[in-house]
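Enquirer: These are the residues of each chain, in order.
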Amino acid sequence: GAGVSQSPRYKVAKRGQDVALRCDPISGHVSLFWYQQALGQGPEFLTYFQNEAQLDKSGLPSDRFFAERPEGSVSTLKIQRTQQEDSAVYLCASSLERELFFGEGSRLTVL
Amino acid sequence: GDSVTQMEGPVTLSEEACLTINCTYTATGYPSLFWYVQYPGEGLQLLLKATKADDKGSNKGFEATYRKETTSFHLEKGSVQVSDSAVYFCALTGNQFYFGTGTSLTVIP
Chain A
1 GAGVSQSPRY KVAKRGQDVA LRCDPISGHV SLFWYQQALG QGPEFLTYFQ NEAQLDKSGL
61 PSDRFFAERP EGSVSTLKIQ RTQQEDSAVY LCASSLEREL FFGEGSRLTV L
Chain B
1 GDSVTQMEGP VTLSEEACLT INCTYTATGY PSLFWYVQYP GEGLQLLLKA TKADDKGSNK
61 GFEATYRKET TSFHLEKGSV QVSDSAVYFC ALTGNQFYFG TGTSLTVIP
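Keeping their order, the protein sequence lines are chains A and B. Using our numbering, the first residue of the first sequence is number 1, and each one after it goes up by one. Using our numbering, the first residue of the second sequence is number 1, and each one after it goes up by one.
I should point out that these hints are in silico values taken from the structure, not numbers from a laboratory. A portion of the hints provided could be inaccurate.
[As the list claims (entries may be wrong)] Calculated lysine to aspartate or glutamate pairs in the EDC-like style (CA-CA distance at most 20 angstroms, straight line): (1) B:LYS56 / A:GLU99; (2) B:LYS52 / B:ASP84; (3) A:LYS11 / A:GLU104; (4) B:LYS49 / A:GLU99; (5) A:LYS11 / B:ASP84; (6) B:LYS49 / A:GLU97; (7) B:LYS52 / A:GLU99.
Please construct the entire structure, taking both the sequences and the accompanying hints into account.
Expert: This is the structure in structure tokens:
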């Protein structure tokens with residue numbers, strides 16, 4: 001597609017449930033980033049891929065968070081045993097020549 | 001480490017007023033600087049960028065100049081419109097992309 005596509009746009013989970021958020025980057029973009037954006041805050045870095053290699057996962061807040069990009073295209077961010085503090089918008093961005101192109105985000109609400 | 005500090009909001013202006021949103025940065029090396037905008041209900045999109053000192057980025061009437069001596073990249077517009085109401089994020093690329101906390105702008109008719 002023409003832009004970065006994320007799904008689902010909205011997800012409501014009960015505390016303790018596992019969730020998976022999908023990102024389909026712009027075709028040909030090597031770099032892919034995940035960010036977490038809490039209400040009223042700027043995007044906070046979670047993790048970064050170059051092709052299928054996860055080069056930086058220093059922003060993942062706990063071992064409940066896991067991301068993968070097995071074929072160097074679509075990426076999935078998985079959150080296990082969700083907690084209320086995980087409620088946020090999760091943004092995916094792909095990059096070409098140091099410019100980030102964002103998807104519309106997946107809004108996760110944990111009850 | 002690398003970071004961005006931007007003016008806190010919210011900012012409310014009347015239509016046709018002048019806008020300045022301050023942004024300063026801390027970085028090693030020579031980062032590229034960006035302003036991203038997030039309209040209500042939409043994702044972040046690039047507004048303008050500058051890749052080296054003294055470069056001026058401009059788009060949609062907005063401008064920002066990369067000032068190495070003051071480590072700043074302030075966003076300016078001479079006459080804002082209602083359609084400019086959005087959240088504006090200053091960002092830089094060093095080893096990573098770093099974002100400020102965002103400044104909410106509301107323009108009233």
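Enquirer: Hint by hint, say whether it matches the structure.
Expert: A quick look at each hint next to the structure:
Taking the CA atoms of LYS56 of chain B and GLU99 of chain A, the gap is near 16 angstroms; set against the 20 angstroms cutoff, the hint holds. A C-alpha spacing of about 26 angstroms is found between LYS52 of chain B and ASP84 of chain B, which places the hinted pair above 20 angstroms, so the restraint is violated. The straight-line distance between the Cα atoms of LYS11 of chain A and GLU104 of chain A is roughly 14 angstroms, inside the 20 angstroms bound, and the hint therefore holds. Distance check on the hinted pair: LYS49 of chain B and GLU99 of chain A sit about 9 angstroms apart at the alpha-carbon level, within 20 angstroms; holds.
Taking the CA atoms of LYS11 of chain A and ASP84 of chain B, the gap is about 29 angstroms. The hint is violated against a cut of 20 angstroms. With a C-alpha separation of about 12 angstroms, the suggested pairing of LYS49 of chain B with GLU97 of chain A holds against the 20 angstroms cut-off. A hinted pair counts as satisfied when its Cα atoms are at most 20 angstroms apart, and LYS52 of chain B with GLU99 of chain A qualifies at roughly 14 angstroms.
Consistency note: the structure conflicts with the earlier hints numbered 2 and 5.
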